[in-house]
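Visitor: Residue strings, one per chain:
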Amino acid sequence: MYATLHASERAVAAARRLAAPEPGPPPDGLRLLVDQVCAEAGTYDEDAARRALAQADGDVAGAVTLLRVWAATLPALASAIVAPEDERLTRRVSAAFADVPAGQWLGAAPQMRSRLLRWEPDEGGEGEPDVVDADEAPPTRAAAPRVGDLLAHLPIAAPPPEGDGPDPALQPLTLPATRGARLAALARGETGALVALAALGHARQREEVLLEATQAIVGVRIPHPRTGAPVRVAGAPVSRAEVITDAEVDGRPGFAIGFGATLGRVERRAIAIAIVDGGLQAGGEGALRESEILAAADGLATSGFVEHLCLPHYASFASYLSRVAADAEEDDE
Amino acid sequence: MSPTVAELARAHARAMPYAYLDEGSKREVRRATLKALALPGRQVPFASREMPVARGWGSGGLQLTLSLVGPGDVVKVIDQGDDASLNASAMRDLIARTAGVETTTSTRAATIVQSRHRLPELPLRADQLLVLQMPHPEPLRRVVRDPARAARLHADGDVTPAWVELFDDEVRHGGPVGGADHPILVAGRTLASPSPVPRYDVLRLDRRPHPILLGAGRLARITALPPWTPVAPLAFDDRPLAPEPMGGPCDRCASTTSYRVEVRPGGGVWRCSDVDACRERAQA
Chain G
1 MYATLHASER AVAAARRLAA PEPGPPPDGL RLLVDQVCAE AGTYDEDAAR RALAQADGDV
61 AGAVTLLRVW AATLPALASA IVAPEDERLT RRVSAAFADV PAGQWLGAAP QMRSRLLRWE
121 PDEGGEGEPD VVDADEAPPT RAAAPRVGDL LAHLPIAAPP PEGDGPDPAL QPLTLPATRG
181 ARLAALARGE TGALVALAAL GHARQREEVL LEATQAIVGV RIPHPRTGAP VRVAGAPVSR
241 AEVITDAEVD GRPGFAIGFG ATLGRVERRA IAIAIVDGGL QAGGEGALRE SEILAAADGL
301 ATSGFVEHLC LPHYASFASY LSRVAADAEE DDE
Chain U
334 MSPTVAELAR AHARAMPYAY LDEGSKREVR RATLKALALP GRQVPFASRE MPVARGWGSG
394 GLQLTLSLVG PGDVVKVIDQ GDDASLNASA MRDLIARTAG VETTTSTRAA TIVQSRHRLP
454 ELPLRADQLL VLQMPHPEPL RRVVRDPARA ARLHADGDVT PAWVELFDDE VRHGGPVGGA
514 DHPILVAGRT LASPSPVPRY DVLRLDRRPH PILLGAGRLA RITALPPWTP VAPLAFDDRP
574 LAPEPMGGPC DRCASTTSYR VEVRPGGGVW RCSDVDACRE RAQA
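Chains as they are written, first to last, in the working numbering: chain G, 1 to 333; chain U, 334 to 617.
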C-alpha cells in the first residue's frame, strides 16, 4: 500500500525529502516566469511568487498553488475600478492599422529578441543600444482611445453586457457566466491552456486580427478608511488585447471584437483570452462551448484532476471493475 | 595536431552551418520542394525544423529561402509589402549573416524575394524566385474538419466542399466573405491556398514566369507553383472574384491601380502597401 499511513513513515519522509528543492535563495530575474505565476494565481506579488517558485522547485503549477493558497485566506479589500488616467501604458501595438491615434509604443518586445541559444555571455550579442528615455512619455489609457472603438461604422456583434466580473477567488462560477465572470476566470487561466483554447477556437474562424495589444502599469485605489476618497495603494502590470474576428451580425457577414486582460506582462495570455472571447461571441456551428473552455482553462483544477489519479482508488476501482465482471458472468450463464 | 575527443565534444553543436540549416535539413526541404514543383498546387509534407523565428512568423518561408540561397544571391524580405517590418528585417539579417549574401529592398535587384501576405507589385522575371510564407496550406480546412478526409478528397480530385462553401457564401452573403487567402485552382484541377494574399494578388497569380514556393513551417507543408502554371481563383463563371474596393489614390505616389490600405481607421488616407513599387512610381 502506498500513500496511506500503512506505509513506512521513514519511506514517506524520505520521499518528501527527495522532492524538496535544493536549498538556496529564491531566483533573481526570470521576470516573465514570475509574471506568469502571478497571473495564473490571480495575485500580483513578485516577492511571494519568487519564494513560491523556489519552494516548488520551479514547477509552475506548484508555485501557482502556493500563491493561491497563501492569498486565499488573506482579507480581500474591494478596490475601485481602474480609472483610464491610472493606466500608464508601457506598450501599445496595433496589427490592424499602422497609424492609430496616440501612436504605437513598442515598449519591451520579447518576441523581437534573438531565438538563438547563447553559449557565451556576449556571443551573438545584438549590439543592443542602451534604453534611452523617450522624448515624450507614452500616454495613459485616457489619452489613447481603444482601437476597437474606432470601428463603430462596421457591423460588429453587440458585446454581451459589460460589468464588473466577480472575483473568481471569492465567488463560485455558475453557467451561463456573465462576460465579466468569464473574462475574470480566464484572466487567471493557465497560460498553455489559454493558448491551446485559442488555437482550437482559431481553427473554427476565418481570421483574427489584433486590433490592439497594450501593457500598462495600473494604479490600484481603495477608499481611504476615514475620508472615503480613493487613494492609490499599489501598482501592477496588466496586459490587454482586443482581437477582431468574423461573426454573423443579423444574418449578414460582420465581426466580433474579443477582449482579454490579465495580470503581468505575458502578452500571449491576453491575446489568447481575446481570441477565445471573440470566438464565444461569434458562436456558430462547431464553436467551443463556454463550459468546456472554462473547465479547461483553470490550471489548478485540471492539474489537480490529472494528478489526483495518484491517489489510491482501491475501493472505487473494485466497484468499477465489478460492473463489467457481473455482466461477463451473466453472459457466461 | 588533431583535436581531442573532449575538444570535439565541447565544440559540438556550437558552430553554425552555412545558411543556418545543417545539410540534412536543407536536403529535406529541397526534396520536398522538388516534389512540390512536380505536383503543382499539392501540399507536400516536410520535416519542418524549429527555427529561430516563432512558428507562424515565417518559419516555413525562411526554411525555403535558407535551403535555396547561395553566395551569389541577393535577398529581399518583405512583410505586408514592407521591407522595414521588424519581423522581415530580423529574418533578412539572419539570412544575410548566415549565408553571407547581399540584401536589398529593390524588387528588381533581388534574386530571391521572401514575402508575407503580398505578391510584389513590380513583375518578377523568370530568373527570380518568390517565396511566400503560408500559415494554412489546407484550403478545405474550414469546411472539412478532418485533415485525413481532406487529403483523400484532394487525392480524388473532389473539391466539392470548397464549391459548396463558395455557394453558401454567395447565397447567404452575396459573395465570398473570406477576405485574404481565397482558394485557387492550380492547372485547372488542384485546389490550393495562395497564402493570405489579398484578392487583388490572387488575381495576379496566373502564368507567372517565375516559380512561387509557399512554405508552411508550423504545419510542415510546401506547395509550389512552377513557372507559367495556370492559376485561377475558385469562382463561379458568372461570379468572378473581385479585388478589394479601395478608397482614394495613394498619398505618396498617387497610384489608383495599386493595392492600397487605409493608414488610420476612418481617416480617408490610403497608401500603397508595396513600399518598393510605390517608391519607384513616386520617383518616375
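Careful: at least some of the hints might be erroneous.
As the list claims (entries may be wrong) - FRET-style restraints, in silico, Cβ to Cβ:
{"#": "1", "chain 1": "G", "residue 1": "Pro176", "chain 2": "U", "residue 2": "Leu367", "range": "52 to 58 angstroms"}
{"#": "2", "chain 1": "G", "residue 1": "Asp99", "chain 2": "U", "residue 2": "Pro560", "range": "35 to 41 angstroms"}
{"#": "3", "chain 1": "G", "residue 1": "Glu85", "chain 2": "U", "residue 2": "Ala442", "range": "18 to 24 angstroms"}
{"#": "4", "chain 1": "U", "residue 1": "Val504", "chain 2": "G", "residue 2": "Asp99", "range": "45 to 51 angstroms"}
{"#": "5", "chain 1": "G", "residue 1": "Val82", "chain 2": "U", "residue 2": "Arg522", "range": "28 to 34 angstroms"}
{"#": "6", "chain 1": "U", "residue 1": "Arg612", "chain 2": "G", "residue 2": "Ala143", "range": "56 to 62 angstroms"}
{"#": "7", "chain 1": "G", "residue 1": "Gly286", "chain 2": "U", "residue 2": "Ala429", "range": "56 to 62 angstroms"}
{"#": "8", "chain 1": "U", "residue 1": "Val504", "chain 2": "G", "residue 2": "Glu330", "range": "34 to 40 angstroms"}
{"#": "9", "chain 1": "G", "residue 1": "Ala109", "chain 2": "U", "residue 2": "Ala339", "range": "54 to 60 angstroms"}
{"#": "10", "chain 1": "U", "residue 1": "Asp426", "chain 2": "G", "residue 2": "His153", "range": "35 to 41 angstroms"}
{"#": "11", "chain 1": "G", "residue 1": "Cys310", "chain 2": "U", "residue 2": "Val504", "range": "50 to 56 angstroms"}
{"#": "12", "chain 1": "G", "residue 1": "Ala203", "chain 2": "U", "residue 2": "Asp355", "range": "54 to 60 angstroms"}
Said to hold, decoys possible - Some chain U residues close to chain G (C-beta under 8 angstroms, calculated; not the full set):
{"#": "13", "residue": "Arg382"}
{"#": "14", "residue": "Pro385"}
{"#": "15", "residue": "Arg388"}
{"#": "16", "residue": "Gly389"}
{"#": "17", "residue": "Ser418"}
{"#": "18", "residue": "Val476"}
{"#": "19", "residue": "Val477"}
{"#": "20", "residue": "Gly490"}
{"#": "21", "residue": "Val504"}
{"#": "22", "residue": "Gly601"}
I should point out that these hints are in silico values taken from the structure, not numbers from a laboratory. On a predicted model such as this, the values are computed, not experimentally measured, just so you know. No residue lacks a Cβ here, since even glycine has one placed at the ideal position from N, Cα and C.
Visitor: Hint by hint, which ones does this structure get wrong, listed from lowest number up?
Guide: Hints 3, 4, 5, 6, 7, 8, 9, 12, 13, 15, 16, 17, 18, 19, 20, 21 and 22 are the ones this structure does not satisfy, whereas the remaining hints hold.
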